Every structure is written in structure tokens, then in C-alpha cells.
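**Student:** Numbering-wise (this note's numbering), the sequence shown opens with residue 274 and increments by one.
Derived from the structure by calculation, the hints contain no laboratory data.
The structure displayed is predicted, hence computed values, not measured ones.
Incorrect hints may appear among the rest.
Here are the simulated DSS-like cross-link-like pairs (lysine-lysine), alpha carbons at most 30 angstroms apart as the crow flies [said to hold, decoys possible]:
| # | residue 1 | residue 2 |
| --- | --- | --- |
| 1 | 317 | 330 |
| 2 | 316 | 330 |
| 3 | 330 | 319 |
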Amino acid sequence: MDRIPSASARILLLQIRHRALDTEITELALNPYQNQLLLQRLKKEKLRIKDEIEWLKDDLIPDLDA
274 MDRIPSASAR
284 ILLLQIRHRA
294 LDTEITELAL
304 NPYQNQLLLQ
314 RLKKEKLRIK
324 DEIEWLKDDL
334 IPDLDA
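Start from the sequences and build out the full structure, keeping to the hints where you can.
**Tutor:** This is the structure in C-alpha cells:
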């Protein structure tokens, strides 16, 4: 049976992946001419993950208008 993680667990997993990408990007940036395309892809993925984390956090906070 597939388990769907809760929003807070998903945020935690995304934050871990975000940090791992940050480390990988930092290492690749030391020699940026070696694999520029991979560096760009990793940066885009990191940005997408950041957006998803923010979206999930916003989803956890109830609207004050309600």
C-alpha cells in the first residue's frame, strides 16, 4: 500500500532535498565550465522545490478571512 506523506513530512523531505541540491550546486560551481547545463538544471530544480515548500507551508496555515 502506498503511503502519502503528510504535508509537514513532505516539507521536511523537500527541505532535505533542497539542502542536498545546494551542496551539489556549490561543488559544481567551483568549476562552472565543466558542466554548465547540469548546473542550470540543478538550480531550476532547487527553485522548483523552494516554491513547492512555500506552497505547502501556505497550505498548512489557515486563512484568516474564514
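**Student:** With reference to the structure, classify each hint as holding or not holding.
**Tutor:** Status of the hints after comparison with the structure:
1. Restraint check: the Cα-Cα separation between residue 317 and residue 330 comes to about 20 angstroms, which is no more than 30 angstroms; the hinted pair holds.
2. The straight-line distance between the Cα atoms of residue 316 and residue 330 is roughly 21 angstroms, inside the 30 angstroms bound, and the hint therefore holds.
3. Distance restraint check for residue 330 and residue 319: the Cα-Cα separation of roughly 16 angstroms lies within the 30 angstroms cut-off, and the hinted pair is therefore satisfied.
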